[in-house]
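The primary structure of each chain is shown beneath.
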Amino acid sequence: MHAAIVPFPGTNAEEEMIAALRFVCGAKITRVAHTERELPIDVDFVALPGGFSYGDYLRAGAIAKTAPILEAVRTFANRGGLVLGVCNGFQILVEASLLPGALLRNDHGRFDCRDIFVRTEHRGPFSPEARVLRLPIAHGEGRFHADDETMKRLEGEGRIAFRYADAAGETSRNANPNGSREAIAGLYGGPKKNILGLMPHPERMTEPHHGGTDGALLFRAALDSLKAP
Amino acid sequence: MVAAESRLDVDDVLLSRLKITRAEYARIVDLLGRAPNLVELGAFSAMWSEHCSYKSSRLHLERLPSEGKSVLQGPGENAGAIDIGDGFAVVFKIESHNHPSFIEPKQGAATGLGGILRDIFAMGARPVATLDSLRFGSEKHPRTRALLHGVVRGIGGYGNAFGVPNVGGEVQFDARYDGNILVNAFACGVIESDRLVFGRASGVGNAILTLGAKTGRDGIHGATMASDSFGKGKSAARGAIQVGDPFRGKMLMEACLELRSLGLALGIQDMGAAGLTSSSVEMGARSKTGIDIDLDLVPRRAKAMSPLELLLSESQERMLLVVRPELVEKVVAVATKWELDCATVGRVTDTTRWVIRATQGYDPLSPSPIARDAQIVCDLPLRALTEDAPRYERPMRVPSPSSTIAPRTAPPPLAVLCERAFRLLRQPNVGSKAWVYRQYDQIVRGGTVQRPGCSAGVIRVPCERDGVAFEKFLAFSVDGNGRFVDLDAHAGSAMAVAEATRNLVVAGARPIGLTDGLNFGSPENPETMFALSQCIDGIAEACGALAIPVVSGNVSLYNETDGRPILPTPIVAAVGLVDDIANVTTPSWKNEGDIIVLLGAGAWDGLRGSEYEALFSTGAQELPVIDLTAERALQDFVRAEIKRGSLVSANDVADGGLLTTLLEGSLLRDEHASPFGAAVELPNEDLEAFLFGESSSRIVVSVAPAQFDHLLARARSGDVLLRVLGHVTTDDTVRLTHEKASATISVALARSAHANAFAELG
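As you go down the protein sequences, you meet chains A and B in turn.
End of the first sequence = 229 in the working numbering, gap-free, step of one.
End of the second sequence = 991 in the working numbering, gap-free, step of one.
One or more hints might be untrue.
What the hints assert, rightly or not - Estimated spans, in silico, between C-beta atoms of each pair:
#	chain 1	residue 1	chain 2	residue 2	range
1	B	A776	A	A228	34 to 44 Å
2	B	S490	A	G156	29 to 39 Å
3	A	R79	B	S490	50 to 60 Å
4	A	A228	B	L941	32 to 42 Å
5	B	K369	A	E149	24 to 34 Å
6	B	A869	A	E155	30 to 40 Å
To be verified - To be clear about the criterion: a stretch of chain B counts as covered by chain A if any three or more of its residues have a C-beta under 8 Å from a C-beta of chain A, and this derived list gives those stretches:
#	segment
7	387-396
8	473-479
Because the hints were derived from the structure by calculation, they are not lab data.
All residues carry an ideal CB built from backbone N, CA and C; glycine is no exception.
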């Protein structure tokens with residue numbers, strides 16, 4: 001795997017993304033600056049890590065979407081290349097219309113950092129075999145919202161990748177940490193469900209010292225999907 | 230002196246606004262041999278403020294031990310530094326931002342964190358962890374909730390965006406902080422030990438540059454405000470509050486780290502309190518050179534700024550650099566890459582003077598600026614602003630013993646004590662602080678091994694040197710309890726050092742150094758001054774006994790409102806090194822049947838000043854005492870046992886006392902894992918003191934039955950008291966037996982009480 005990491009000014013979660021891709025996938029990593037217009041030719045995975053691009057003072061991800069590299073990411077994604085946007089990376093993908101809907105301020109109004117559980121829903125290249133994953137969240141604006149029509153389409157096209165749930169895999173008001181519509185934690189996009197936007201941080205749950213390794217399952221699934229014929 | 234007196238034609242109103250006393254003014258005139266002009270007087274006001282000069286505390290601070298074979302940098306720089314081996318060092322410091330946080334909690338706390346982070350990366354080190362220590366008034370005070378929310382939002386808002394994990398902290402509520410909250414922030418960075426950058430203006434002819442944000446009118450006279458108390462008839466001083474910009478702060482960090490790795494900056498200094506004035510003065514004074522700055526060249530964002538405003542602005546996210554002239558262009562290129570302003574504003578001279586020039590009325594932002602013709606507006610010996618600042622040996626008075634207390638009440642039966650344990654767990658001072666730390670990113674960068682909520686935060690730091698990659702594990706704890714310091718400043722302060730280091734030890738670390746934040750009322754109050762002096766002696770004694778140096782610190786005085794001082798509050802942040810990740814130990818029970826053991830013994834009953842006493846007033850009389858020899862033996866023993874692998878869990882006994890610690894064995898376990906309980910037999914002694922006293926030097930551990938006899942033998946030879954309390958069970962209860970009585974505490978109910986400690990404040 002050759003993974004391109006695209007940090008924007010204000011991105012701050014690239015170290016753990018690089019570590020996870022190296023540790024889990026043995027990936028070769030290239031950092032691609034936001035000012036670039038092209039991705040390296042042999043890249044087969046693009047990661048937009050978390051953080052606060054440009055401080056997120058306007059709206060999370062709203063300025064990053066105008067960066068030159070975003071057009072190259074769009075082209076890569078439209079051709080079916082694997083793109084993972086985590087947290088602020090998810091927000092950027094939404095702002096850039098690569099994924100639908102919007103990510104709003106958490107319903108309780110606070111930034112929230114802790115472990116939660118997600119349940120795998122519709123399958124795609126990032127979906128692990130495991131039904132329930134324990135992953136950490138760390139965000140203030142992660143409440144997914146979309147209109148009824150979009151929600152229907154997401155369900156119909158099988159694009160809901162992960163829902164917030166409890167340890168047993170049951171969704172409930174209590175298990176939804178931010179008030180996301182239909183407990184959506186992660187969404188698939190792109191022609192082959194090759195884009196994944198995810199609020200929880202799988203890259204921060206890949207080594208034993210993280211308190212669990214469920215996040216590694218997601219990276220391994222992506223690696224396997226690249227190897228599949 | 231007489232000659233100087235005759236020239237005292239300055240008016241009292243001005244002096245009082247600048248917080249310069251008549252005697253200090255006379256000293257200035259004496260040092261200069263003339264009267265200062267208004268700009269110069271403003272510079273003196275800032276540099277001679279308590280905040281910058283430490284004039285009331287300096288004589289006492291000299292008693293703190295700051296040396297050790299691993300110490301690379303002690304107090305006096307942006308931060309202290311300690312060698313951690315293999316060519317790496319930690320750089321750390323704690324700093325207060327109390328006054329600004331009380332006036333504007335969100336921005337005050339945010340810029341407090343921003344300031345301490347800048348201190349760390351000014352030394353060239355990348356920040357890897359932060360902690361925070363907070364004090365608020367009573368939960369019932371009408372402002373407490375808003376202050377808490379604002380401060381936590383400020384720390385989170387800055388730290389989360391900046392991208393450094395918050396791995397621990399403490400928060401305490403007490404009515405004696407009603408009129409003056411405390412916000413102390415700690416940061417630690419890591420750097421190659423031979424690449425530290427210092428805040429020095431070396432090399433005559435070198436250029437002085439500003440880097441970062443443009444200079445505005447925010448924060449003017451912040452240092453002077455921070456050296457004043459609150460009270461009726463005093464303005465809220467809102468204009469003196471700065472606004473933080475974590476995005477630019479992060480860009481500034483990346484730029485500084487790049488400058489360091491390219492070897493482009495000879496000196497870097499944070500432009501914190503008293504802005505351009507203190508940063509340039511300190512750089513010049515440390516290297517015994519001179520400074521010549523032209524204010525016309527300072528990038529600014531406000532129109533028509535006066536020379537004094539430019540000198541004293543505390544606009545955030547700015548650094549002062551000293552650069553060889555031939556490298557200035559490269560420095561500007563780095564600044565441009567990170568979208569930061571950068572301008573040459575002066576040069577290093579050999580005059581040992583601080584010379585400031587400006588063109589009267591020049592404003593580069595005006596549509597038609599007048600022609601520049603900079604004249605000297607300030608010409609002062611650097612010494613006069615620094616070494617020659619007053620040092621006060623302020624009068625001290627032993628406080629009069631507090632009025633008689635009601636006699637000790639008869640202890641209630643065991644069942645009532647168990648009920649009281651629930652009340653304690655529900656207190657924000659004892660229960661879970663998750664409401665606070667969940668608002669902080671504790672895991673950014675992926676290195677957090679032990680998140681907040683346990684004894685100490687532990688992180689993994691990937692290091693690479695000469696092509697060899699390896700890992701370092703660091704542990705952090707921040708502690709202090711003003712209630713004990715109020716009862717006995719010497720013992721209470723020594724206890725803060727003991728607790729912070731003990732917390733590292735139980736987590737599996739070896740304490741290597743600490744930084745102290747001393748928060749007190751007015752030094753002009755002889756009783757406060759006595760407490761400050763006793764506090765420093767207590768810290769010094771504990772550091773001596775535990776062989777740990779103080780490498781940086783901060784003193785915040787005048788924490789009072791209308792003459793009512795806060796609890797005297799020294800905060801100690803300790804840093805430890807974990808040799809092997811396998812040594813990282815947690816407080817929670819792990820196996821059924823493990824023996825629960827209390828190691829060490831308190832030197833007093835621990836009730837006065839405890840949270841239990843605050844809730845149930847038993848009338849306990851004993852004053853805090855700590856036996857540092859026993860503390861040292863305890864810490865050495867537990868450290869060795871953890872290394873040997875004989876301890877399954879370890880937890881310090883602190884807030885809420887022993888029963889809280891025992892409950893934590895169950896409560897701090899992952900809530901999704903199967904629950905564990907405990908069966909405990911209580912000794913035939915004063916149960917209130919035994920269960921709820923907060924005396925130092927005690928650690929609860931659990932140990933496998935097969936290991937117990939060996940542990941007992943080694944404890945005896947190590948002079949550590951060992952007492953079996955009971956064993957770990959798979960029940961969802963903690964069962965207490967005392968003679969013929971027994972009582973049961975439901976872990977599920979205790980968990981709910983503990984988890985909801987902030988329910989009313991949140």
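Hints, one by one, checked against the model:
Distance hint for A776(B) and A228(A): a CB-CB separation of about 59 Å, inconsistent with the stated range 34 to 44 Å. For S490(B) and G156(A), the Cβ-Cβ distance of about 52 Å falls outside the hinted range of 29 to 39 Å, so the restraint is violated. Taking the beta carbon of each, R79(A) and S490(B) are about 37 Å apart, not inside 50 to 60 Å as hinted. For the hinted restraint 32 to 42 Å between A228(A) and L941(B), the CB-CB distance of approximately 59 Å leaves it violated.
Checked against the hint of 24 to 34 Å, the C-beta distance between K369(B) and E149(A) comes to roughly 50 Å, which is inconsistent with it. With their beta carbons about 60 Å apart, A869(B) and E155(A) fall outside the hinted range of 30 to 40 Å. Coverage of the segment 387-396 of chain B by chain A holds. Counting CB-CB distances below 8 Å, 4 residues qualify, and the rule asks for three or more. A count of 5 residues in the segment 473-479 of chain B with a Cβ less than 8 Å from any Cβ of chain A is obtained; the coverage claim is therefore met, three being the minimum.
In this structure, the hints that do not hold are numbers 1, 2, 3, 4, 5, 6, in rising order.
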